[in-house]
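Protein chains in written order, with the numbering used here: chain B, 18 to 247; chain U, 409 to 690.
Bear in mind the hints are in silico, worked out from the structure with no lab data behind them.
The beta carbon of each residue, even a glycine, is placed where N, CA and C say it ideally should be.
Warning: the hint list may mix true and false statements.
[Unchecked claim] Distance ranges between label pairs, derived from CB positions: (1) B/V36 <-> U/V688: 20 to 26 angstroms; (2) B/T241 <-> U/G414: 31 to 37 angstroms; (3) B/V36 <-> U/T580: 52 to 58 angstroms; (4) U/M641 <-> B/D91: 47 to 53 angstroms; (5) B/H155 <-> U/P662: 52 to 58 angstroms; (6) B/R42 <-> U/G584: 33 to 39 angstroms; (7) U/L636 <-> B/R42: 31 to 37 angstroms; (8) B/H193 <-> U/P424: 32 to 38 angstroms; (9) U/P424 <-> B/T211: 44 to 50 angstroms; (10) B/V36 <-> U/P424: 45 to 51 angstroms; (11) U/F665 <-> B/T211: 56 to 62 angstroms; (12) B/L160 <-> U/D452: 54 to 60 angstroms.
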Amino acid sequence: MGETSGGEPAVAMKNCSFVYPNGRRVLDNLSWRLAPGDFAVLTGPTGAGKTTLMRLLLRLALPESGEVYVLGEDLVRLPARRRPELRRRIGVVGQELSLLNDRSVEQNLRLALAVRGKRGGAATRRVGQLLTEGKLMHRRHDLPSQLSGGERQRLAVARAAAGYPDLVLADEPTAHLDAENADAVTHSLSRLQTAGATVIVVTHSPGHFETVTGARFYNLQRGTIVEAQK
Amino acid sequence: MRILAGEAWRGLRAEPGAAILSVVVVGLALYIPSMLYLTAQAGDRFSQQIRSQVKLRMYLKEDAMGPFDGLQAQLAALPQVQKVTFRTREDLLNELEAELGDGLLDGLPGNPLPQAIDILVKPEFATEQALESLAGVLSARPESEEVVYGRAWAHRADRFFEQVRYLLALITGALGLLVLAIAANIIRLIIRTRRESIGVWLLLGASPLYARMPYYIEGALAGLAGALVSLGMLYFTCTWLSGFVPAFRFFTAPEVFSFFLIAVCTALLGAILAARRQIVPL
Numbered sequence: 018m019g020e021t022s023g024g025e026p027a028v029a030m031k032n033c034s035f036v037y038p039n040g041r042r043v044l045d046n047l048s049w050r051l052a053p054g055d056f057a058v059l060t061g062p063t064g065a066g067k068t069t070l071m072r073l074l075l076r077l078a079l080p081e082s083g084e085v086y087v088l089g090e091d092l093v094r095l096p097a098r099r100r101p102e103l104r105r106r107i108g109v110v111g112q113e114l115s116l117l118n119d120r121s122v123e124q125n126l127r128l129a130l131a132v133r134g135k136r137g138g139a140a141t142r143r144v145g146q147l148l149t150e151g152k153l154m155h156r157r158h159d160l161p162s163q164l165s166g167g168e169r170q171r172l173a174v175a176r177a178a179a180g181y182p183d184l185v186l187a188d189e190p191t192a193h194l195d196a197e198n199a200d201a202v203t204h205s206l207s208r209l210q211t212a213g214a215t216v217i218v219v220t221h222s223p224g225h226f227e228t229v230t231g232a233r234f235y236n237l238q239r240g241t242i243v244e245a246q247k
Numbered sequence: 409m410r411i412l413a414g415e416a417w418r419g420l421r422a423e424p425g426a427a428i429l430s431v432v433v434v435g436l437a438l439y440i441p442s443m444l445y446l447t448a449q450a451g452d453r454f455s456q457q458i459r460s461q462v463k464l465r466m467y468l469k470e471d472a473m474g475p476f477d478g479l480q481a482q483l484a485a486l487p488q489v490q491k492v493t494f495r496t497r498e499d500l501l502n503e504l505e506a507e508l509g510d511g512l513l514d515g516l517p518g519n520p521l522p523q524a525i526d527i528l529v530k531p532e533f534a535t536e537q538a539l540e541s542l543a544g545v546l547s548a549r550p551e552s553e554e555v556v557y558g559r560a561w562a563h564r565a566d567r568f569f570e571q572v573r574y575l576l577a578l579i580t581g582a583l584g585l586l587v588l589a590i591a592a593n594i595i596r597l598i599i600r601t602r603r604e605s606i607g608v609w610l611l612l613g614a615s616p617l618y619a620r621m622p623y624y625i626e627g628a629l630a631g632l633a634g635a636l637v638s639l640g641m642l643y644f645t646c647t648w649l650s651g652f653v654p655a656f657r658f659f660t661a662p663e664v665f666s667f668f669l670i671a672v673c674t675a676l677l678g679a680i681l682a683a684r685r686q687i688v689p690l
């Protein structure tokens, strides 16, 4: 795992505000700080701005005001040429990063490694490891469209884990999954945290993550984040 | 590289109709300037044939005394000269009679024509300027009475070939730009259809250059396949035309190589221009 230097937080948002083009304010002077290795579960009502917050952390959007630091990088001032380098340190599961439906399960994983410069034998070994961990070995030649919902989510988590990320952003990773598959996804994300990654999960079902050791629960409401009790 | 090439191949296979259409369009766009080039080559060969027959005639003074072997040797040694032939007065009269027809010269009291030397010029010196220069050298000889050659013809031929070359260069340049624009447009459309997939690549952390690579490969492949199609059409056209105009010939091996290189580079450049505009950092 990569590390942020000198005890820097993995994620730090300072006085962030975000307003949609229609004038609706979803984030209002929001401040939030996560240390490396934290497991944060973020809930909130629909339209509260959870996905917007994820977009800010991925540098797909910029706040109207305030600062966003991810893995030591100031996203507001981060030049375009350095964004790919930052994104290679982030694993994403969910709405923003769909699977490539014209590629097999194995090829989806290989691509995630290829963009990080991992090829040849090392890539093959890592793909095998990810397929095993995600219980997808028997589906490696199938297209994502041929997988069940649970298998697709497991593949998404495996792809996010491919490059040993420092930060994992998971948007509704257990949505529409049965209990068994939800547990499998939760377990995979928990394993990433154990390996040292900071994990942020946005969900409407925080109950799925209550078993994760050290998980902290937050509620996004009226534009700000409040830590909740388990 | 295998992943990038695989992505390019996957793209071509995903839309075979569009791929075939793009190859045919690139092929046609390459065919037209290439056909013009081959026509220009045939024209050059034809003009070379004409130029290899260009000659000057140096009429000798009445009082010039033969034999003229020494003069002939000196003229033959000039760099512009291919061959010299001494013409007697009788030769020239016979030639004139042959041109004018029987009986027209019957009333002449005698042969009014002087002796002459015909100078056949090397093809590369059969230009208006070179002929004028050589005529000046010949006129300066003490034995020379007058030097004649097709001055007006040389002028017209030079102007004609110059204009043809200029026009062909212009058309070839314009059509080259057309190939570039076609390749760029094809790649632009391909990228639009795969916008979602490109977004995934960029979010996974691919640099824009890395995400553009498959489209560069596709552009180069379209250029290569278009060149093959075009080459086939050119071969059949040349074979057919050479039956009527022997000067028509197909490309030589180095020309075929250059043709592929130019086709691939032009299509690649088009792809680069399109992809750089379409695939930008998120």
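| request: Could you say whether the range 20 to 26 angstroms given as a hint is met by the Cβ separation of B/V36 and U/V688? | output: Given about 25 angstroms between the Cβ atoms, the range holds.
| request: Evaluate the given range 32 to 38 angstroms for the C-beta pair formed by B/H193 and U/P424. | output: Given a distance of about 35 angstroms, which is inside 32 to 38 angstroms, the answer is holds.
| query | Holds or violated: 45 to 51 angstroms for the Cβ distance of B/V36 and U/P424? | reply | At 46 angstroms between Cβs, range holds.
| request: Using the Cβ atoms, figure out if B/V36 sits within 52 to 58 angstroms of U/T580. | output: At 56 angstroms between Cβs, range holds.
| field | Outcome for the supplied range 44 to 50 angstroms, where the beta carbon pair is U/P424 and B/T211 | value | Holds, since U/P424 and B/T211 (Cβ atoms, about 47 angstroms apart) stay within the stated range.
| Is 33 to 39 angstroms right for how far apart the beta carbons of B/R42 and U/G584 are? | violated (55 angstroms)
| task | Confirm or reject the claim that U/L636 and B/R42 have a C-beta distance inside 31 to 37 angstroms. | result | The hinted range 31 to 37 angstroms is violated for U/L636 and B/R42, with Cβ atoms some 59 angstroms apart.
| field | Supplied distance hint 56 to 62 angstroms, evaluated on CB atoms of U/F665 and B/T211 | value | holds (59 angstroms)
| Between U/M641 and B/D91, does the C-beta distance stay in 47 to 53 angstroms? | violated (58 angstroms)
| task | May I ask you to test the hint 54 to 60 angstroms on the CB atoms belonging to B/L160 and U/D452? | result | Holds, since B/L160 and U/D452 (Cβ atoms, about 57 angstroms apart) stay within the stated range.
| query | Per the hint of 52 to 58 angstroms, is the separation of the Cβ atoms of B/H155 and U/P662 within bounds? | reply | Distance hint for B/H155, U/P662 holds at roughly 55 angstroms.
| field | Cβ distance range 31 to 37 angstroms for B/T241 and U/G414, holds or violated | value | violated (47 angstroms)
In this structure, the hints that do not hold are numbers 2, 4, 6, 7, in rising order.
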